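**Q** Protein sequences appear in the order of chains Y and S. Under the numbering used here, the first residue of the first sequence carries the number -16, and numbering increases by one thereafter. Under the numbering used here, the first residue of the second sequence carries the number -16, and numbering increases by one thereafter.
Keep in mind that the hints were calculated from the coordinates and are not lab data. Do not rely on the hints blindly, as some may be mistaken.
It does not matter which identical chain is used: a pair holds within one copy or between any two.
Listed below are the simulated DMTMM-like cross-link pairs for lysine to aspartate or glutamate, each with C-alpha atoms no more than 25 Å apart in a straight line [claimed, not checked]:
#1 137 - 18
#2 85 - 72
#3 86 - 128
#4 177 - 149
#5 278 - 292
#6 -9 - 294
#7 137 - 68
#8 308 - 217
#9 222 - 255
#10 86 - 138
#11 137 - 69
#12 85 - 217
#13 137 - 88
#14 85 - 75
#15 222 - 232
#16 29 - -6
#17 114 - 49
#18 247 - 88
#19 249 - 88
#20 247 - 292
#21 109 - 121
#22 213 - 253
#23 85 - 254
#24 288 - 220
The structure presented is a predicted model; accordingly, all values stated were derived computationally and were not measured.
Protein chains: 2
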Amino acid sequence: MSDSKFSKIYEKQRAIIETRINSVFSGLQPTSLYEPAAYISQSGGKRIRSLLVQLSAKAVGGKFNDVYNASVAIELFHNFTLVHDDIMDNADKRRNLVTIHKKYDINTAILSGDGLTALAYQYLLKDCKSKNIDVVADFTQAMIEVCEGQSYDKDLENSTVFSLEDYLLMIHKKTAVLLETACKIGAKLGGGSKKQINALAEYAKNIGLAFQIQDDMLDLLGDENEIGKKVGGDLLEGKKTYLIIKAIEIAKGKNQQILQKFVKNKGITEDEIPEFINMFRKLGVFETTESEIIKYSQKAEESLKNIPESDAKAMLQWLIHQLIKRKN
Amino acid sequence: MSDSKFSKIYEKQRAIIETRINSVFSGLQPTSLYEPAAYISQSGGKRIRSLLVQLSAKAVGGKFNDVYNASVAIELFHNFTLVHDDIMDNADKRRNLVTIHKKYDINTAILSGDGLTALAYQYLLKDCKSKNIDVVADFTQAMIEVCEGQSYDKDLENSTVFSLEDYLLMIHKKTAVLLETACKIGAKLGGGSKKQINALAEYAKNIGLAFQIQDDMLDLLGDENEIGKKVGGDLLEGKKTYLIIKAIEIAKGKNQQILQKFVKNKGITEDEIPEFINMFRKLGVFETTESEIIKYSQKAEESLKNIPESDAKAMLQWLIHQLIKRKN
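Chain Y on its own, in the form it takes in the complex (with noise of 0.2 Å):
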């Protein structure tokens, strides 16, 4: 199939994920803890997620019919993420709307976020018949460790001392984790065999793992109208992305010191975003991380060959390549 055909499939799926999601919140009550879980939820995002547990079905013989609401807690789920994770990081904007926490307060943010994690699993069981009990497991260990990713997240912002290894594991917990139990989820519940099920995961761990660290670079390479934020923002707030913690690790003299400074200030000011970016370029640190993110990529091709061939198996193929000519 064409790309375009790939595109028009996506948008197909992605409108009835969001008719779904629209019909979670209808009729229920206190508006008090819906209102908010629902305004979030309803933002929009791309829907990978969601998008990810339904190829995975198809892919190993399933039907999309049978993951819809699985597709809808993945993506409940994520979004309770959002909301925390925005509490945490004092965000004031998410998909260019006013975060829960500023929108109301931080109180309805904490408990609607609680609100969607069980309306997740509530879905999820929705697909769930006795034998896919190892499902909901899955699911509760991702949630595991998204909250471990979280922390390692916080302990990584107040240390100064760390490694690729540190960003590696913080990254695969709390982004990568939850595209790889999307695909597990979604190839299990669609009767995929053991070896179709840790193909997908793989899968979906490599692209998690190319796609952060994209978000790493697009922060600095990136268009600003197109990343919704300032480029370099990352540098203002001090965070040890892959492109900084690469930068450390072949830095030499006066560029080591410079970069010492960031980490003991925890970041630097908008006018010193151009001398890092040329460091960075003179440090070779953005051809670096371009063939991380092709490594990624590819280990994630590579996972596929134990995946039989058809439309489904081509789309998600399809999906590596769009995720990394990604703008945004």
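Based on the hints, put chain S in the right spot on chain Y.
**A** Same frame as chain Y, but now just chain S:
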């Protein structure tokens, strides 16, 4: 069996749960997530919810051993609600210890609460065979209703027009549902019949309501040292307790004005507490509340008629009286 025999069983089972809860956190990383989660979970408490799981299993012919993980799950879940509620209530102390958001910070409290939810599911699943997947649905339903209850509580806090019905809906969801679910899960995992499961759930719902209304009463008639907080603390905070709502329902003239001022100002000052206690006494609020507690206790007692006689059933009956004669 005698009272002292039941006390011994209670202490023995509580000790088993304490040991199991301690082992939940052993070796888990990162400590930034699990240390605060362990701190609250190991801070004691009556462990009534885990006892209900165990006794319900036993009362329908199951074994304690079948439900230890589910018992741990219920306690972990309960602790999650305490951590998040304490943030929302800006509480300084819990079980005579500094609350997590005060000892660490709000972000740590949010995240360790989330982590506890995930661990609760993980432990629940350990006791669920594939035939018991609906136990996970019950647990999820409890989580949904507990969140709703907390939201109703916040709504009630800010509302100037309210009824005993609003109050009962709130305490049902916020408190009684989890006790109900403890018994339901215990009875299901213990292999109980539908009739037995419903009977035990009904029992727990009623002790939950009795328990909460008594909590409101202890705030005014309890001993400061035993309840571990100031007598009349609920009045200072402007909480809409059973007693306040009952008083508003029956008071006239001057008393009604005083009560409306309480609602408008969201509480009273310390020197006004004796006046309120006096007013409640004159209005017969304490007697009415007492008979309400007895009504729910009797309902709990009656619910047990569908459960065959056994030591476990006798202990469930004993538990009703323990809760009613409690001083804290």
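**Q** Could you check the structure against the hints above and give me the numbers of any it violates, in ascending order?
**A** Checked against the structure, the hints that fail are numbers 4, 20, 23, 24, while the rest are satisfied.
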